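Enquirer: Residue-level listing of the chains:
Protein chains: 2
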Amino acid sequence: MGSTTVVGLLGATGETGTSIVNGLLEAGGLTIIALTRPSSVSKPAAVALKDRGVEIRPIDLKASQDDIVASLEGVEVLVSAIGPMEQLEQIPLATAAKTAGVKRFLPCGAMPVVPAGGIHMLRDVKEIVYNHIKTLHLPYTIVDVGWWYQIAFPPLPSGKIDYALGLPNPRLPGNGSQPNALTDLRDIGRYFAKIVVDDRTINKYVFVYNELHSPTQIFDLMEKLSGEKLDRQYDTLEDLQARIADARPKIAKDPTNFMLMVQQVSAEYLISWGIRGDNQPEYAKYLGYVTSKELYPEFKFKSFEAYLRDEVIAGKAKGVYDELRAKIVEMHKKH
Amino acid sequence: MGSTTVVGLLGATGETGTSIVNGLLEAGGLTIIALTRPSSVSKPAAVALKDRGVEIRPIDLKASQDDIVASLEGVEVLVSAIGPMEQLEQIPLATAAKTAGVKRFLPCGAMPVVPAGGIHMLRDVKEIVYNHIKTLHLPYTIVDVGWWYQIAFPPLPSGKIDYALGLPNPRLPGNGSQPNALTDLRDIGRYFAKIVVDDRTINKYVFVYNELHSPTQIFDLMEKLSGEKLDRQYDTLEDLQARIADARPKIAKDPTNFMLMVQQVSAEYLISWGIRGDNQPEYAKYLGYVTSKELYPEFKFKSFEAYLRDEVIAGKAKGVYDELRAKIVEMHKKH
Chain A
19 MGSTTVVGLL
29 GATGETGTSI
39 VNGLLEAGGL
49 TIIALTRPSS
59 VSKPAAVALK
69 DRGVEIRPID
79 LKASQDDIVA
89 SLEGVEVLVS
99 AIGPMEQLEQ
109 IPLATAAKTA
119 GVKRFLPCGA
129 MPVVPAGGIH
139 MLRDVKEIVY
149 NHIKTLHLPY
159 TIVDVGWWYQ
169 IAFPPLPSGK
179 IDYALGLPNP
189 RLPGNGSQPN
199 ALTDLRDIGR
209 YFAKIVVDDR
219 TINKYVFVYN
229 ELHSPTQIFD
239 LMEKLSGEKL
249 DRQYDTLEDL
259 QARIADARPK
269 IAKDPTNFML
279 MVQQVSAEYL
289 ISWGIRGDNQ
299 PEYAKYLGYV
309 TSKELYPEFK
319 FKSFEAYLRD
329 EVIAGKAKGV
339 YDELRAKIVE
349 MHKKH
Chain B
19 MGSTTVVGLL
29 GATGETGTSI
39 VNGLLEAGGL
49 TIIALTRPSS
59 VSKPAAVALK
69 DRGVEIRPID
79 LKASQDDIVA
89 SLEGVEVLVS
99 AIGPMEQLEQ
109 IPLATAAKTA
119 GVKRFLPCGA
129 MPVVPAGGIH
139 MLRDVKEIVY
149 NHIKTLHLPY
159 TIVDVGWWYQ
169 IAFPPLPSGK
179 IDYALGLPNP
189 RLPGNGSQPN
199 ALTDLRDIGR
209 YFAKIVVDDR
219 TINKYVFVYN
229 ELHSPTQIFD
239 LMEKLSGEKL
249 DRQYDTLEDL
259 QARIADARPK
269 IAKDPTNFML
279 MVQQVSAEYL
289 ISWGIRGDNQ
299 PEYAKYLGYV
309 TSKELYPEFK
319 FKSFEAYLRD
329 EVIAGKAKGV
339 YDELRAKIVE
349 MHKKH
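Line by line, the protein sequences are chains A and B.
Going by this note's numbering, the residue at position 236 of the first sequence is 254; the numbering climbs one at a time, nothing skipped.
Going by this note's numbering, the residue at position 256 of the second sequence is 274; the numbering climbs one at a time, nothing skipped.
I should point out that these hints are in silico values taken from the structure, not numbers from a laboratory.
Source: prediction; values computed, not measured.
Treat each hint with caution, since some may be false.
Identical copies go unnamed one by one, so any copy, or any two together, can satisfy a pair.
Straight-line distance between alpha carbons at most 20 Å, and here's what the computed EDC-like set of lysine to aspartate or glutamate pairs gives [as the list claims (entries may be wrong)]:
| # | residue 1 | residue 2 |
| --- | --- | --- |
| 1 | 61 | 216 |
| 2 | 336 | 104 |
| 3 | 121 | 238 |
| 4 | 121 | 300 |
| 5 | 222 | 145 |
| 6 | 178 | 69 |
| 7 | 311 | 145 |
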């Protein structure tokens with residue numbers, strides 16, 4: 019382990035984690051350790067990573083500090099792409115990382131830009147983790163990634179792109195005019211590969227994104243590219259607040275219910291990026307982020323229009339959140 | 019109001035606020051409005067400010083938003099040096115500042131560097147205010163100021179400097195070796211006068227300080243300057259945690275009891291700067307602050323040693339917290 023940087027990654031088989039592994043492998047020159055729940059080390063997804071040169075190492079975040087520290091042996095850069103319900107498991111992880119001498123921890127950001135303080139449930143949980151890291155004096159980089167291309171377009175009336183819908187988003191938030199910073203999910207790992215070896219990003223918040231598009235612009239683009247006419251319905255602030263108000267007391271009674279969390283969080287996202295306009299580079303800079311446009315102006319990416327045209331409408335896109343999709347379609351029908 | 023910047027200041031007659039007024043008046047070129055509780059506008063302290071060219075304007079932070087907005091008319095830069103028990107009144111103030119078109123809000127920081135997240139009661143209250151400001155997209159500057167010269171030295175056995183003791187600090191925290199960033203209280207306003215007109219500090223955390231001294235160095239310095247021999251007793255982490263553990267349940271029952279808050283907060287400070295070593299420029303930078311040394315390398319100040327020699331020991335120093343001192347001496351005796 020001396021010549022290459024050793025990157026430990028949690029959540030390597032999730033949507034974001036997969037992009038990160040791909041980006042790190044593509045960049046080369048890194049030793050990658052997938053830190054994996056003991057019960058998952060033999061699963062096909064882990065085996066597939068091993069075949070690609072990734073070390074699979076068990077880690078149990080509910081074990082003792084000594085055990086977690088031992089699991090981090092040799093890890094120089096620790097990247098977390100842990101699931102939304104497991105965010106607080108990063109607290110013992112960060113403490114162990116400090117003891118283990120990890121040089122930099124990238125906790126699970128991987129969100130659009132959202133301020134802390136009551137706007138977004140998941141963001142506020144992450145804030146607890148970020149604050150804990152800072153009390154440790156542990157070097158960090160917090161990376162937020164905008165809104166994925168893969169979940170940023172509405173269905174077509176013909177149903178021909180239903181195969182590619184991630185989180186269905188059939189309505190426009192607010193008046194549809196807020197620019198929203200979009201990133202191709204597949205580029206996230208390519209950005210991470212740059213960030214983890216970039217000293218300029220130590221102890222910084224980094225906002226990576228490809229392009230800005232408002233919901234109205236996206237609907238216009240979809241009509242132009244598909245030749246279909248889209249019905250435009252709008253979610254008002256009150257609509258979205260009502261969904262949150264419906265979910266909140268139910269979550270209080272049933273805090274591990276993932277679909278309730280999705281209900282609240284999806285409405286909070288629509289308020290944040292769609293109405294408040296938080297997920298924009300100027301606001302990110304206001305909050306103290308440095309952006310990928312400043313750090314990596316040479317970064318090449320497929321445009322959102324090309325993605326829609328050559329992949330989604332051409333029938334070649336890969337969907338995301340396959341397991342979730344049916345449940346979310348059902349949830350949207352209820353509202 | 020066009021040619022000069024209009025600065026509105028809350029808490030203009032407190033220790034920090036007095037320094038800020040003095041600094042702003044000394045700098046010149048600013049219109050200063052002391053935003054004052056309606057019940058205090060006729061008090062001698064307010065009248066004295068009026069005589070120095072400061073507009074005294076009533077503001078009631080418990081009034082309606084419309085009334086608070088009206089009180090902020092014409093204010094371009096809003097500076098808060100509000101008391102420790104009134105921090106959350108800055109929430110409606112910030113909301114009104116956004117509506118009123120205030121160009122920049124400097125909420126009440128004015129602490130040493132302490133991370134948010136359970137280290138320090140007062141810091142965590144301030145975090146709620148900071149988060150609220152950010153959800154408003156309101157331009158801000160958060161200024162922390164280190165530990166004051168005026169409360170950074172121990173008593174002498176002879177009692178000859180008791181007249182000048184602010185918060186008595188007779189013991190050394192931890193092993194006494196953590197450097198602590200010190201600032202002359204009187205310089206805080208001179209730093210503010212630079213910051214409020216400096217575009218580089220918009221949407222930034224700024225850490226101002228003069229010099230670094232560890233408690234051991236300060237005891238050594240006091241012995242050298244006074245010729246007296248100091249007894250060195252140390253507060254361990256456990257001692258300090260016990261004081262906090264004693265205060266916390268009492269505060270829960272009696273949340274407006276100022277002396278209980280002082281008990282908890284003073285122990286939390288000693289842990290933070292004295293044992294953890296938070297109040298240092300490198301840690302400030304890690305948290306995202308820009309420091310006064312970077313911004314204003316030409317800033318002239320009296321050294322801490324000169325302050326001790328020519329003022330404190332020479333019998334010419336002005337104490338701080340006059341009303342509090344006796345109560346705190348009493349509190350320290352209990353532990």
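Enquirer: Look at each hint and say if it fits the structure.
Expert: Each hint tested on the structure:
1. 61 - 216: neither (33 Å within a copy, 57 Å between copies)
2. 336 - 104: neither (26 Å within a copy, 54 Å between copies)
3. 121 - 238: neither (46 Å within a copy, 36 Å between copies)
4. 121 - 300: between (30 Å within a copy, 16 Å between copies)
5. 222 - 145: Both. Shortest intra-copy (14 Å) and inter-copy (19 Å) distances satisfy the 20 Å Cα cut-off.
6. 178 - 69: neither (35 Å within a copy, 76 Å between copies)
7. 311 - 145: neither (25 Å within a copy, 29 Å between copies)
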